[in-house]
Amino acid sequence: MKHFLVMCLFAALASVVFGVISKDTTRERWIYGVKVFAEFIIIGLALGWLLYFIP
Amino acid sequence: MVKSERLQGAPVEAISSTAWLIGLAAWFIPGSGHLLLKRWGRAAMMGGVVWLSFFIGLAMGGHMFDLSPDGATATSMFDWAVLIQVPPMIADLGTGIAYVVTWLLDISFKEDPVQAARTTYEYGTNFLLIAGLMNYLTMLDAFDVATGRKS
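From first to last, the protein sequence lines stand for chains A and B.
Position 12 of the first sequence, counting from 1, maps to 12 under my numbering, and the rest follow consecutively.
Count along the second sequence starting at 1, add 55, and that's the number in my numbering.
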């Protein structure tokens with residue numbers, strides 16, 4: 001669980017920066033930031049499960 | 056219109072020295088570039104994220120990179136193995152004054168087996184690297200705002 005929380009923290013910090021620098025309006029920034037956050041988490045979990053099955 | 060024609064027709068914009076100074080300040084003290092531009096929200100968010108990431112990385116016992124050779128494996132005057140430390144050192148250098156201070160105080164630069172054995176060692180190292188890389192993005196954003204390329 002701790003590992004997942006650290007991953008969430010990492011994703012949150014990175015998505016704030018990506019969101020702020022990437023888009024022009026506040027709404028677009030929020031949407032992009034949330035999208036980047038979700039991508040970090042989903043890809044992280046997918047990679048975690050993939051590596052779990054590799055000996 | 057092809058790209059080369061567009062480039063020929065486009066006027067060459069002069070970048071003011073203030074923009075370069077703001078870029079330099081943004082690198083050296085994370086968040087200060089946007090503070091100088093009076094972008095308080097961005098300064099708080101982006102500078103805050105960089106500092107937070109840096110201190111979390113330190114608290115987790117992360118390792119910072121410089122070009123000092125590893126004493127155990129060094130065999131000649133110049134140890135080519137240090138070249139592998141260049142990319143992470145560039146990333147760590149992105150934190151500006153934080154890197155300089157920790158380097159001067161020799162915090163997190165030593166190869167310490169006790170520190171490396173911590174569960175959070177790798178996480179901490181990554182947080183430190185990402186803090187520097189995010190500050191490069193912050194610096195470029197401040198520079199773009201200062202030159203008027205971005206609002």
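Simulated from the structure, these hints should not be mistaken for laboratory data.
On a predicted model such as this, the values are computed, not experimentally measured, just so you know.
By construction, the Cβ of each residue, glycine as well, lies at the ideal position given by its N, Cα and C atoms.
Treat the hints loosely; a few may be bogus.
[Stated by the list, open to error] If you want the footprint, here are the derived chain A segments under chain B, 3+ residues with CB under 8 Å:
1) 20-28
2) 40-46
[As the list claims (entries may be wrong)] Below, in silico cross-link-like pairs of lysine-lysine (DSSO-like), each with a Cα-Cα straight-line distance of 27 Å or less:
3) A:35 <-> B:205
4) A:2 <-> A:35
5) B:205 <-> A:23
6) A:23 <-> B:165
7) B:93 <-> B:165
8) A:23 <-> A:35
Right, here's what the structure says about each hint:
Residue count for the segment 20-28 of chain A with a Cβ under 8 Å from a Cβ of chain B: 3. That meets the three needed, and the coverage hint holds. With 0 residues having a beta carbon nearer than 8 Å to a beta carbon of chain B, the segment 40-46 of chain A misses the requirement of three or more and the stated coverage is violated. Between the alpha carbons of residue 35 of chain A and residue 205 of chain B the distance comes to roughly 22 Å, so the proposed pair stays at or under 27 Å and holds. As the CA atoms of residue 2 of chain A and residue 35 of chain A are separated by approximately 23 Å, the hinted pair is consistent with the 27 Å bound.
Among the hinted pairs, residue 205 of chain B with residue 23 of chain A is consistent with the structure: their alpha-carbon atoms are about 10 Å apart, no more than 27 Å. Taking the CA atoms of residue 23 of chain A and residue 165 of chain B, the gap is near 40 Å; set against the 27 Å cutoff, the hint is violated. Only pairs whose Cα atoms come within 27 Å are accepted, and residue 93 of chain B paired with residue 165 of chain B is rejected, the gap being roughly 39 Å. Using a Cα cut-off of 27 Å, the hinted pair residue 23 of chain A and residue 35 of chain A holds, with the two alpha carbons roughly 13 Å apart.
Against the hints set out earlier in the document, violations occur for numbers 2, 6, 7.
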